[in-house]
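There are 2 protein chains.
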Amino acid sequence: MTGTNLKIDAARFWDTIEASAAIGVGRQGGLRRLALDAADAEMRRLFIRWGEEAGYGVTVDRLGDIFLRRAGADDSLAPVLIGSHLDTQAAGGRYDGIVGVLAGLEVLRSLDDLGIETRRPVEVVNWTNEEGARFTPPMMASQVFAGRQTEAWALARTDDDGVTVAEALTEAGFMGDAPVGGRPIDSYFELHIEQGPDLEAAGVPVGIVTGGYVARGMRLGIRGDNAHSGPTPMHKRKNALVGAATAAVAVDEIGWRYAHADGKATVARLEAWPNKPGILSSEATLFIDFRSPDAATTAAMEAEVRAALPDCARRSRTEIAIAEDWTFGGPAFDPALMALCRETARRLGIETLDLMSQAGHDAYHLSHLCPSVLLFTPCEGGVSHNEREATTLEAQAPGVTLLLNAVAARASA
Amino acid sequence: MTGTNLKIDAARFWDTIEASAAIGVGRQGGLRRLALDAADAEMRRLFIRWGEEAGYGVTVDRLGDIFLRRAGADDSLAPVLIGSHLDTQAAGGRYDGIVGVLAGLEVLRSLDDLGIETRRPVEVVNWTNEEGARFTPPMMASQVFAGRQTEAWALARTDDDGVTVAEALTEAGFMGDAPVGGRPIDSYFELHIEQGPDLEAAGVPVGIVTGGYVARGMRLGIRGDNAHSGPTPMHKRKNALVGAATAAVAVDEIGWRYAHADGKATVARLEAWPNKPGILSSEATLFIDFRSPDAATTAAMEAEVRAALPDCARRSRTEIAIAEDWTFGGPAFDPALMALCRETARRLGIETLDLMSQAGHDAYHLSHLCPSVLLFTPCEGGVSHNEREATTLEAQAPGVTLLLNAVAARASA
Chain Z
97 MTGTNLKIDA ARFWDTIEAS AAIGVGRQGG LRRLALDAAD AEMRRLFIRW GEEAGYGVTV
157 DRLGDIFLRR AGADDSLAPV LIGSHLDTQA AGGRYDGIVG VLAGLEVLRS LDDLGIETRR
217 PVEVVNWTNE EGARFTPPMM ASQVFAGRQT EAWALARTDD DGVTVAEALT EAGFMGDAPV
277 GGRPIDSYFE LHIEQGPDLE AAGVPVGIVT GGYVARGMRL GIRGDNAHSG PTPMHKRKNA
337 LVGAATAAVA VDEIGWRYAH ADGKATVARL EAWPNKPGIL SSEATLFIDF RSPDAATTAA
397 MEAEVRAALP DCARRSRTEI AIAEDWTFGG PAFDPALMAL CRETARRLGI ETLDLMSQAG
457 HDAYHLSHLC PSVLLFTPCE GGVSHNEREA TTLEAQAPGV TLLLNAVAAR ASA
Chain H
97 MTGTNLKIDA ARFWDTIEAS AAIGVGRQGG LRRLALDAAD AEMRRLFIRW GEEAGYGVTV
157 DRLGDIFLRR AGADDSLAPV LIGSHLDTQA AGGRYDGIVG VLAGLEVLRS LDDLGIETRR
217 PVEVVNWTNE EGARFTPPMM ASQVFAGRQT EAWALARTDD DGVTVAEALT EAGFMGDAPV
277 GGRPIDSYFE LHIEQGPDLE AAGVPVGIVT GGYVARGMRL GIRGDNAHSG PTPMHKRKNA
337 LVGAATAAVA VDEIGWRYAH ADGKATVARL EAWPNKPGIL SSEATLFIDF RSPDAATTAA
397 MEAEVRAALP DCARRSRTEI AIAEDWTFGG PAFDPALMAL CRETARRLGI ETLDLMSQAG
457 HDAYHLSHLC PSVLLFTPCE GGVSHNEREA TTLEAQAPGV TLLLNAVAAR ASA
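If you read the protein sequences in the order shown, they are chains Z and H.
Take 97 as the starting number for the first sequence in this note's numbering and just add one per residue.
Take 97 as the starting number for the second sequence in this note's numbering and just add one per residue.
There's no promise every hint is true.
No distinction is drawn between identical chains; accordingly, a pair holds when it is met within one copy or between any pair of copies.
[What the hints assert, rightly or not] Once the Cα atoms are required to be at most 25 Å apart in a straight line, the calculated SDA-like pairs of lysine to any residue come out as: (1) LYS334 with GLU367; (2) LYS334 with THR381; (3) LYS332 with THR155; (4) LYS103 with ALA409; (5) LYS103 with ALA404; (6) LYS334 with ARG312; (7) LYS332 with ARG128; (8) LYS332 with ALA417; (9) LYS103 with GLY243; (10) LYS332 with GLY122; (11) LYS332 with LEU444; (12) LYS334 with ILE113; (13) LYS332 with VAL154; (14) LYS334 with ALA404; (15) LYS334 with GLU296; (16) LYS103 with ASP282; (17) LYS334 with GLU349; (18) LYS334 with ASP171; (19) LYS332 with ARG438; (20) LYS334 with ILE119; (21) LYS334 with VAL310.
Source of the hints: derived by calculation from the structure; they are not laboratory data.
Keep in mind it's a predicted model, so treat the numbers as computed, not measured.
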């Protein structure tokens, strides 16, 4: 393959992006396609139909991950896998995740157009519940595929209405019968919009992600006591909502103290019970996370959070405990794959920039299973997880072209 | 009537309290009987059955208020009305509101036992949605009955699932055909547990409420912007959840600054959207209220809240607006009815204490329609709006006895 300059069908690629943008349109014209909801199911069926029409093998595993497979000359070899996700945030954009899956489809179709038979099979995967907007945590299915969590763990996660992943899969019709992972994968390629402003600012069309922030997440449990909000004097109050708010403000302030080192602290979700006028809440839950480019800074932020919580509890007269905590990020991308992408880009005349990833991606988990690489493409103003997320075909085409050429090279090496 | 000493059937009264305590049992043995839910509907049917069995006239109005009417010698006269509510908080107690309605029923039954024909009719009412735990605001139906809000306004209120009061009434089978109010009422008596510790501390069985705290409520609307919680640097964040938490902490602190003057500030309810991991929330709503025994202090608290909000907005980089605000409390109870209750209690040998009310009650609204009086009975430790709310028949019986004698006197005066 080396030395060739394969071309995608840019218009066809963009048609798939626009077809996707019509499924699950959000309040402000973006997308609302929560994992396994009706819109996600419709998008999945379209993705499968595209695969079937092209004659690819279609496999759905027990977590609803969908694989389109284009056979290789030696179909017994481990496949090159390209993937990302078609689900979105509750008020999500048209490109986050979607560009990566549909770029993968375009790679397969372009190989067909060009009559190229790769040595290895090439597969494209849509991972279930990458966003974590319906079921916590994000990157749910890819971490099971990579052997970092069990299938049973994922199947038992619940949404806000208490619906389990297993029930949602069955209802949506995507509880497949293939095992989740447990098979050799040659390599994993993911293309994703940057969700940050650096490529646009540099005027460079493709980022090669060298690593990712180490992020820590926590679920805080806050306990107070119900009481009538009228008669209960301040000194007898134990309002769990005040406890959660106090912790939220403290966590946000820690983010600001580390902003000079690109540290970030996020107050992501607050729930109180009963959370009603007339009554002080007895229970609250607060999801927080914090991250920075280096592990020592993230550790220092964590130490500050842990030190702040007892003070928040004292000030709000509630009990605050860390009910659960987790780490994500810190992926190890493959030097040989990164070199292949840089060299391919140089040959094609596509400029690239080495970047750190700040958000989590399925590639983080895959990097523990097989050589993996993550490519970024621009998005306007760095705006993402927002219905105003925007980009153009012109901005995306170089990345998709690079993906085609790099995958073709790897699959025939 | 003056000079008589009428007796209630204390055991029968307590049987009704216990029958009520078995309908809609909460997680910790209290009650969860949200307005017009299945448990509330069951309690309402039992209340009507008790009325029918005793031969009282039963009327349900278009807001589901249920009136049991015991005829008077001159049935064309305006009735004496006794009322409170059978709905509860989400984690409510067995006595709040319930004692008042069932004390009213016991008054009617005792008048039957004693063969007393009052000159005026006597009615007992169960008001719909006093708690405001399902539909905001509290004391919903009584304020319409008193002509302080329109029927259409109440019918259009929605619960968290978007169900309107009109739909809930229809579903529960309590959309009656009687007009809401618009008829003369001679006087209104309400008996209610104190929801505070003063009677218990003083060892006095009945409180005569001379007035109520003036309380101010606000719904704050907080606007931020959605963004990905990973890549977005602190200085680009506008997290509405942080805005709401900052305002919540500020409001709570204002409560503490006025605690010396018995001021209270409550953070009652916080909602954010989309309130999900991975995304900064773009919208939040915060319900707050603050109150004190005197109007000037409450006004000073309000001024501090209004002054604090712009600073909260600046610090959290969000927009914070007062979307709605309201006043409640400050009732004007009737001097003649209070004197009647004091004099009747003195004659019966029941000690009373003049008290201010700190919570809102249906009697607040009725006091704008007709001469009204509010009597308090003890509750253990002042604990209320809590499943641990507790009291005894011994603690309640003096209040119910006083109610019987005072109502009998008023209805035949």
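Query raised in the report: Checking LYS334 and GLU296: alpha-carbon separation at most 25 Å within a copy, between copies, both or neither?
Result: Result: close only across copies, 22 Å inter versus 49 Å intra.
Query raised in the report: Is it within, between, both, or neither for LYS332 and ALA417, if the alpha carbons may be no more than 25 Å apart?
Result: Classified as within; 21 Å inside a copy, 30 Å across copies.
Report task. At 25 Å max between alpha carbons, let me know whether LYS334 reaches GLU349 within a copy, between copies, both or neither. Result -> both (23 Å within a copy, 14 Å between copies)
**Report entry** Within, between, both or neither: LYS332, THR155 at alpha-carbon 25 Å
**Finding:** neither (59 Å within a copy, 41 Å between copies)
Query raised in the report: Between copies, within a copy, both or neither: which fits LYS103 and GLY243 at Cα up to 25 Å?
Result: neither (35 Å within a copy, 75 Å between copies)
Requested in this report: Using 25 Å as the alpha carbon limit, work out where LYS334 and ASP171 are close: within a copy, between copies, both or neither.
Outcome: neither (64 Å within a copy, 51 Å between copies)
Requested in this report: At 25 Å max between alpha carbons, let me know whether LYS334 reaches VAL310 within a copy, between copies, both or neither.
Outcome: between (35 Å within a copy, 23 Å between copies)
Requested in this report: If the cutoff is 25 Å on CA atoms, where do LYS334 and ALA404 land: within, between, both or neither? Let me know, please.
Outcome: both (18 Å within a copy, 23 Å between copies)
Query raised in the report: Under a CA distance limit of 25 Å, which applies to LYS332 and ARG438: within one copy, between copies, both, or neither?
Result: neither (64 Å within a copy, 31 Å between copies)
Report task. Check LYS103 against ALA404 for me: Cα-Cα at most 25 Å, and say if that holds within a copy, between copies, both or neither. Result -> neither (55 Å within a copy, 60 Å between copies)
Requested in this report: Check LYS334 against GLU367 for me: Cα-Cα at most 25 Å, and say if that holds within a copy, between copies, both or neither.
Outcome: Both: 16 Å inside a copy, 19 Å across copies.
Query raised in the report: Checking LYS332 and LEU444: alpha-carbon separation at most 25 Å within a copy, between copies, both or neither?
Result: neither (70 Å within a copy, 35 Å between copies)
Consistency note: the structure conflicts with the earlier hints numbered 3, 4, 5, 9, 11, 12, 13, 18, 19, 20.
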